[in-house]
Every structure is written in C-alpha cells, then in structure tokens.
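Asker: So you can see what is in the structure, the chains are spelled out below.
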Amino acid sequence: MTLEQEPEAIEPSIALADVESSLALFAEGIAGRYLHIRSNQEFAANPKLTLEESGGQNSDTLFLPESVATTHASTYRVLAMEQIGLRECDTLSFRMETAVEQIPSLLQRFQPDPNAGPRVGDYRLLFTSFSQPALAEDLFLLFEETRIQAHLQRAYPGLTKHFQAYHGYLLESQVPADLLEQAKRWRMGEPRKLSDSGLQRTLYEAIAEHRESAATVYDSVTALCEHYEAVLAHYKLEESSYRETDESLVDWLNREQRVEEWEEELEDINEQLSQSMAMEIPTGQEEEAVYGDAGDGSQRQIDLDIKELKDERDTLKRRVDMERSAVAHALGKSQGDARSFRYDEWDYLNRTYLRAWCRVFEQPLGTDGEDDIAPLKAVIRAYQNTVQRQLEQIRPTGLERIRRVQDGDELDLNAVIEARQDIRAGQSADERVYSRKERVQRDVSAIFLVDLSASTDDPIHPPEPRDWSNYEEDESDTRAGWYASFDEIEEEPEEPGRKIIDLEREAMVVMAAALEALGDSYGIYGFSGYSKDNVELFIAKEPDDAFSHTTLKSIAAMAPKGSTRMGPAIRHATQKLMNTGSAMKVLMVISDGFPQDCDYGPVRGNHDYGVEDTAKALQESQQKGIETFCMTVDKSGHDYLKRMCPDERYMIIEEMEDLPSQLTKVYAALTGK
Amino acid sequence: MNQITSDAGTNQAPYYLPIADEVEVFQAAYASRLPVLLKGPTGCGKTRFVEHMSWHLDSARADDERPEIPLLTVSCHEDLTATDMVGRYLLKGDETVWSDGPLTRAVRTGAICYLDEIVEARKDTTVLIHSLTDHRRILPIDKTGELLDAHPDFLLVISYNPGYQSVLKDLKPSTRQRFVSLEFDYPDVETETQIIQHESGVEESTAERLAVIGERVRNLKQHGFEEGVSTRLLIYTGELIAAGIAPRRAATASIISAISDDASVQEAVADIVDVILP
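Sequence lines, in order, name chains F and C.
Just so we're aligned, residue 11 is where the first sequence starts under the numbering used here, counting upward by one.
Just so we're aligned, residue 359 is where the second sequence starts under the numbering used here, counting upward by one.
Read the hints as simulated data drawn from the structure, not as lab findings.
A virtual CB, placed ideally from N, CA and C, is assigned to each residue, including glycine.
Any given hint could be a false lead.
[Said to hold, decoys possible] Residues from chain F shown here face chain C by an in silico Cβ test under 10 Å; the list is partial:
1. Leu-35
2. Gly-39
3. Glu-76
4. His-172
5. Arg-211
6. Glu-215
7. Asp-432
8. Gln-437
9. Arg-446
10. Asn-589
11. Ala-593
12. Met-594
[To be verified] Below, a sample of chain C positions facing chain F; criterion: calculated Cβ distance under 8 Å:
13. Thr-441
14. Gly-445
15. Leu-449
16. Glu-453
17. Val-455
18. Leu-578
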C-alpha cells in the first residue's frame with residue numbers, strides 16, 4: 011500500500027471527492043432513492059476482502075471518474091444524470107427473450123449457444139449474435155445513448171445547457187477517429203462536413219429520427235440490426251477484429267438487475283412450494299384408508315410437483331448465488347441500503363491529510379435476530395438506583411418563575427405596586443409587570459461510539475497471572491480527579507464466560523435508560539470494518555429515535571466484527587453531532603484496545619499511524635466544540651491514550667464490571683459542569 | 359402572538375382543492391360537533407382547509423346567527439400558556455380589566471377555534487382542551503371563577519405535524535383520542551400543478567415544472583431539513599415568477615434559501631432546480 015498522493019494535476023480539474031456529498035443528495039432527490047457513488051477505480055478488480063456475505067437488497071451505484079479535467083462544475087451532474095438515465099429508460103432491464111420476440115430480424119442472427127450457461131449476461135448474448143460483438147456494442151450504444159439523452163432533455167430541460175458544455179469539452183479534447191466516433195461527435199453538436207460520406211449521412215438521419223421516436227431499449231436494438239451490415243462493410247474487417255470485447259459497466263448493471271428478477275422468481279417458487287407443502291397430506295397411511303386409491307394417486311402427483319418445484323428452486327438458487335458473486339466481484343460488495351460517506355485521514359508521516367481517504371458505510375443493526383433482550387432489561391433494573399443517584403445532581407430543577415417580564419401568565423404584585431407609585435408620582439412606569447414560569451432546559455446531544463472489533467469477543471478475565479492488576483493500581487490513583495467520589499457498587503455475581511462485548515452492551519443500555527430519564531438526546535453506534543474503503547458504522551440508535559424495544563434489540567445485536575479504525579468513525583460521529591445543533595455536544599468512545607486496521611499505516615503491526623490519526627480526529631472534534639472522552643477496558647491503554655487525548659479526557663476501567671456505572675458517572679461529570 | 363384570522367367573513371370562498379374526502383368528513387364531524395385533528399407536514403394546506411370549511415359553514419348560517427369572527431386561529435409556540443388562550447387581567451389606566459383570550463372568545467360566540475401546531479404549546483394548554491372536547495363542552499376559567507358552557511356552534515380544530523416534533527413532544531393518547539383525525543400530505547404532481555397555477559397565476563407549464571421540483575426535492579427530506587419543500591413555497595415561487603422575476607432567481611429566493619442552511623443540501627437542491635427548470 012502506498013500513502014503517497016498523486017501529484018497535483020496542472021490542468022484545471024474537479025475531483026469527485028469535492029462534489030460527492032452534494033452530488034449524492036442531488037442523485038437521491040432526482041432518483042427518489044439513495045444511490046451509492048463510487049469512483050471508477052473502485053469498479054472491477056476490487057481486491058476487497060469480504061468478512062461476511064451480505065445478502066438482501068442490492069446496492070445501486072453510480073460509477074463516476076475520480077476526477078475530470080474540465081472547469082465546468084456541472085460535469086459530474088451530467089455524468090450522474092447519464093447513469094440515472096440508464097435506470098429511467100429501462101436500459102438495464104433489457105432481456106434477450108423479449109428482444110427476439112419483438113424483433114424478427116434479430117431472430118435470424120440469434121443462435122442460442124447450447125454451451126452458454128445462464129450466467130452469460132443478456133447484452134453479451136445480444137452482441138455475440140453479431141460477427142463483430144464490439145462493433146455491435148458501440149453501434150447499439152450510439153443509438154441507446156441518443157435515446158437516453160433525448161429522454162433526459164425532455165424530462166430535465168435545464169440539463170440541456172450542461173450537456174452542451176460537457177459535449178463542447180469532449181469535442182475539444184478528443185480527436186475524431188472513425189465512423190462511429192464521427193457519428194457521436196455529430197450527435198454532440200458538431201456541424202456536418204462536406205466530406206461526409208453517404209453512409210455517414212444515413213447514420214445521422216437514423217440518429218435524428220431515433221432521437222424523436224425511440225421509446226424502448228428494443229427500438230435501439232432494432233436500429234442496431236438495421237444499420238449493422240452497412241457499418242460493418244465500412245470498417246472492412248475481414249480477418250482482423252474491430253476491438254477486443256469485454257463486459258462493460260452497463261453489462262454488469264444489467265446482470266445485477268437480472269439477479270434481482272431471479273430472486274423475485276425464487277420467492278414465488280418458495281411460496282408455491284410452501285402452499286403445496288401445506289396441501290400435502292401429512293400421513294399417507296391414514297388417508298389411504300379413507301380416500302382409497304384416488305387419494306393415493308393425488309398424493310403421488312403432489313409429491314411429484316413438490317419435487318419438481320424443489321429442483322427448480324435449487325437450480326435457480328445456485329444460479330442466483332453464482333451470479334451474485336460474479337456481480338459482486340465486478341461491482342464491489344453489495345452494501346445494501348447502507349449510506350456511505352468519505353472522510354480525510356491524517357498521515358502523520360507526511361504531515362498531511364489524505365483527501366477523502368476512507369469510506370464509511372452507515373447501516374442499521376439488524377433487529378430481526380433472535381438476540382435475547384431479557385438480560386439487558388435485567389441490567390437496567392440492577393443499575394437503576396445507582397444511576398439515578400448520579401444523575402440527580404445534574405437534573406434540571408424544572409419550572410422556575412421569572413419575575414418582571416413584559417408578558418406572562420400572572421401579574422407580578424411588586425412590579426404592579428411600583429408601577430402604580432410611578433404613575434401617581436407622574437413618572438412613566440416600567441411596563442414589565444408580569445411574571446411567568448419557564449422551564450430550565452438542558453440542551454445536550456451525546457454520541458456513544460462502541461468498538462465492535464473482533465477482540466471484543468474475548469472473555470473479561472483472560473487466563474493470565476493476576477499480578478498485572480496490582481501493578482496498574484498505583485497509576486490509577488494519580489488520576490483520581492475523575493472518579494474521586496466513587497460509589498461502591500455491589501459486584502454482581504460473575505457469570506462464566508462473559509465477554510467484553512457483553513459489558514459494552516450492558517453499559518449502553520444502562521446509559522440509554524439513564525439518558526432517557528434525563529431527557530438528553532443521544533445516539534449509539536457501533537463501529538468496525540476492514541480496510542479504508544469499508545469502515546462500518548452500525549446504528550443502534552439515532553438521536554431522533556425513541557428508546558424502544560427496537561433499541562434494545564439493536565443493542566443486543568451488537569456483535570464483534572472486524573478491525574478498529576477509529577479515525578473515520580470519530581469524524582463521522584463528529585459530523586453527526588454538528589448536525590444536531592445542540593449547545594453542548596458530547597462524544598464518548600468506548601474501546602477495548604488501540605486503533606488498528608489492515609491498512610491503517612504503512613507498516614502493519616505498527617500502531618503509531620492509527621494512534622496519530624485518531625488523536626487528530628479527536629482534536630478536530632474538540633476544535634468544533636465537542637466534548638470528547640475515551641474509555642477503554644484495555645489495561646495497557648495508558649500507552650496510547652496518553653498520546654491520543656489530554657489526561658482528563660480518558661479513563662481506563664480497571665475492573666471491567668465497573669464499565670456501566672463508570673460510564674454514567676463520567677457522563678454526569680462531563681455534562682453537569 | 360395570537361393571530362386572528364377573519365378571512366372567512368369575506369365574500370369569496372378561500373380556494374381549496376380537495377385531495378380526498380376530507381371535505382365530507384369535516385362536514386359530518388361538524389354536524390355532530392366532533393372536534394377535528396388535522397395532521398400533515400407544513401405548508402400542505404391545513405390552514406387553508408380550515409378557512410375554506412369555516413367560510414362554507416358560516417355562509418350557510420342565517421345572518422343573525424353568525425359570530426363576529428367565524429374562525430379564530432392561534433399559532434401555538436413553546437411559550438404559549440393556558441393564560442394566553444383563556445385570557446388574563448390587563449392593566450388599563452388605573453384598573454385591572456379581564457380580557458378574553460381567543461379560545462374563550464370562540465367558546466362564547468360559537469366560532470371555530472383553530473389551534474395550529476398544538477404540540478408546540480405547553481402541556482397545561484392541552485388539559486384545557488379536554489373538558490371542551492368531550493360531552494361536557496365546558497371551559498373552566500379559574501382566574502374569574504367562571505365555568506363557561508360552549509356555544510352550540512363552537513368547534514375546536516387542532517393541527518399538528520408529526521414530522522419534525524421530537525418524540526418528547528408527541529400528543530398524548532388521551533388528547534389524541536378526542537378528535538376525528540384527518541391526514542394531509544402534499545398533493546401529487548398533477549394536483550399540485552393545478553394549485554400552483556390557480557394560486558400564483560403562472561402558466562401551466564411553469565406550474566408543472568415547479569410541481570416536479572417539489573416532488574424531487576421532497577425525496578431529500580431528512581437531510582438537513584426535516585420537511586420537504588412545501589406547496590406554499592412553490593406557490594411563492596410561482597408568484598415571484600408571475601411578478602416578472604426570472605424562474606431561477608425566484609427559485610433561489612423562495613426555495614433554496616428557505617429550506618435549509620446546510621451548504622451541501624442547498625447546493626444539491628439548487629442543482630435539482632437547475633436541471634428541472636427549462
């Protein structure tokens with residue numbers, strides 16, 4: 011891995027990272043749903059390691075270049091709209107079967123290859139029906155893009171001038187080469203030339219007509235069939251090939267959509283199957299006695315149907331799985347409906363920020379799991395008294411009567427008497443003669459970031475010599491400031507095999523219950539991930555959500571995942587806190603070790619880079635007026651926490667069982683100032 | 359603080375284009391004097407609907423039965439107390455004089471009292487509502503010791519916007535279950551086009567473009583702004599355009615700057631507006 015940035019381009023250019031956030035909003039507004047944005051470099055040959063197979067909803071992604079060398083700010087919008095156009099014009103739902111049905115001339119060309127498996131994309135099937143697939147593809151795209159562009163200009167008239175600007179740039183920067191590129195240039199607005207051949211004129215006219223009349227993707231295929239022979243003759247390709255062909259982005263997106271159709275089919279079959287199963291007569295023998303032979307016969311028929319259905323389902327399922335993994339390989343791992351954000355990272359070796367280096371995916375924790383929430387409820391009850399004691403000190407006093415105001419629900423007698431005196435004395439009286447009740451309010455937003463790295467799967471008491479704890483004890487006294495007034499908490503009888511993650515969960519529910527009573531707004535997130543492009547943030551509770559059964563379920567679903575890339579998680583949480591607009595903002599990070607990831611720094615195993623980045627992220631957060639605090643259950647935490655945050659901003663939990671009560675205590679101290 | 363509307367007394371019915379059966383339901387509720395709760399996002403036509411209904415109900419009455427002001431609107435805010443609604447003693451020269459609040463006035467004269475954004479008000483106001491909205495139909499005024507029986511024509515209408523109020527400010531079930539609920543939402547593109555065209559007087563094609571902007575920008579709600587762009591804002595835009603402002607400038611002034619302060623959201627909305635307008 012290299013940390014060096016590419017040298018600054020000298021020509022004017024726009025980077026995707028600069029426009030991504032507003033472009034994502036733009037695309038979501040236009041399309042009506044969230045679309046991922048990734049750079050072309052993330053497309054294909056994506057060496058990402060997948061930690062888990064994610065099923066479910068497919069991601070829908072716009073693939074855009076990392077930067078464009080133009081000064082037109084609207085260029086990315088045009089590129090995004092072209093890809094949204096693919097979806098709005100149903101280009102991606104092209105199916106060969108339908109095409110063959112609708113277009114007789116295609117049927118003559120199309121010879122189903124008995125060896126071709128079902129995994130060949132529909133566009134591949136189409137183009138390989140022609141003698142020069144790549145040429146067919148280019149010709150098809152010429153027509154299809156015309157259709158899409160015409161649609162876009164009709165639906166979004168404001169786009170026309172941006173198209174012109176973008177096309178103007180393309181015309182300037184590219185050199186015309188052959189027939190099809192000439193046709194493209196003409197479409198982009200280049201005037202006709204006298205030297206244009208007859209074939210060229212025919213093509214131009216076809217394009218012009220296509221622009222007006224084409225309605226579906228099959229119209230473009232028809233146009234392809236019509237003009238293919240003439241164009242092929244022009245290129246005079248006999249031996250040599252027009253160009254090597256490979257599957258394009260459109261191919262893959264088309265295949266991706268096909269998988270979704272198959273999945274729907276699969277669901278249908280499953281439904282049919284369960285219906286048939288329900289019809290199936292449970293025990294053959296008894297029924298035979300009643301219905302005789304007839305019953306037996308229909309029974310056999312049903313069994314046969316079920317077997318057929320099962321076979322069909324299994325085949326389809328295999329096909330879906332294979333295709334999905336192929337698509338995932340090409341387009342990157344499906345992130346479902348997780349939103350993604352990019353953040354800079356601090357490279358301390360070069361003293362510079364790496365622009366838009368990390369991608370954070372934000373996704374809700376599944377709540378449909380079987381995780382038991384009863385223990386969590388028990389934990390809330392167990393801590394209720396202690397926590398209440400701690401928080402009572404900072405609870406607002408409620409209503410307060412404010413005197414001498416302009417307007418209120420009651421007259422303020424003293425003020426009235428003074429006013430009367432003034433009037434009698436011939437002076438102008440003070441008009442503020444009312445009193446009113448006002449609520450004293452806390453305006454606090456808090457975010458809790460919980461480390462969900464794989465190491466949280468470790469048991470609380472590792473089998474190591476107990477001497478360790480004695481060694482650390484002295485040091486803790488030097489930092490008594492934060493917990494000088496510990497309440498002694500009765501230790502719960504320890505269950506065997508409790509893990510760090512269990513404690514984190516407990517701490518979170520205790521905290522949630524306490525904050526619910528206090529009325530502060532708070533969010534709870536788990537973070538993990540693997541590699542810079544795949545930092546994951548799991549939402550257990552957003553600040554706007556109510557504390558509910560679902561929250562408990564989500565907290566229960568927190569589970570150990572991958573690595574601990576703290577920097578981007580902190581930056582994302584900071585962003586979220588800034589959006590709340592609260593007067594006081596608190597960010598608490600609960601971890602079990604130092605920040606680390608597979609590519610967190612040039613040398614794997616050296617944690618300096620990660621520590622420095624995390625420290626920088628915390629600093630950025632503090633500069634924005636956020637109170638940060640780090641808590642760790644890692645007893646060797648002093649080494650790196652000292653470098654990451656000021657002394658009064660971190661705490662090491664000696665006895666891990668204390669985590670829940672210590673957390674609420676620190677929170678009370680932080681926000682009660 | 360209290361905005362008293364008397365629109366409904368004018369000769370022309372306030373324009374309202376029904377989206378579903380809300381007019382019939384409201385009339386039926388009024389016939390039995392059942393209080394009504396209007397639910398829906400900001401600027402989708404709740405207040406206009408009440409004005410429209412109030413005008414129709416009022417014009418159906420005989421002249422001598424009409425209340426002075428047929429519709430009293432109170433825009434609730436977080437400092438609005440029960441006193442503001444019921445009334446208070448005022449200092450007038452050397453005297454302290456009792457002055458009815460809008461709610462008391464409506465209860466006495468048989469007007470419709472419309473409490474806009476009720477959940478914004480303090481909790482003590484919702485309690486007032488309780489005795490008025492069940493079979494008792496009374497309003498106790500503790501400061502004067504009065505127990506006021508509601509006029510037979512009196513009706514309470516409240517509105518609330520479930521979108522942006524936090525969970526803490528939700529209506530209590532005991533309050534909510536006293537009302538007939540009518541749900542409002544932004545109209546579809548076609549209906550909204552008609553509304554914009556009628557209200558602002560722009561051409562149909564412009565109105566249609568504005569309605570499409572509304573539809574697309576609403577896809578973005580919950581990104582820095584809690585509510586999508588309202589029909590009201592689109593009408594404002596239309597009015598600016600009708601007054602001769604260039605469409606893009608009008609949209610910047612009335613839509614883009616109005617709905618969010620977040621720079622990237624503003625930029626995205628501006629981009630959406632830019633590609634949709636001709």
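Asker: Work down the list of hints and note, for each, if the structure agrees.
Answerer: Do the hints match the structure? See the list:
no.	hint	in the structure
1	Leu-35	holds (3 Å)
2	Gly-39	holds (4 Å)
3	Glu-76	violated (19 Å)
4	His-172	holds (7 Å)
5	Arg-211	violated (31 Å)
6	Glu-215	violated (27 Å)
7	Asp-432	violated (12 Å)
8	Gln-437	violated (15 Å)
9	Arg-446	holds (7 Å)
10	Asn-589	holds (7 Å)
11	Ala-593	violated (16 Å)
12	Met-594	violated (17 Å)
13	Thr-441	holds (4 Å)
14	Gly-445	violated (11 Å)
15	Leu-449	holds (6 Å)
16	Glu-453	violated (11 Å)
17	Val-455	violated (12 Å)
18	Leu-578	holds (4 Å)
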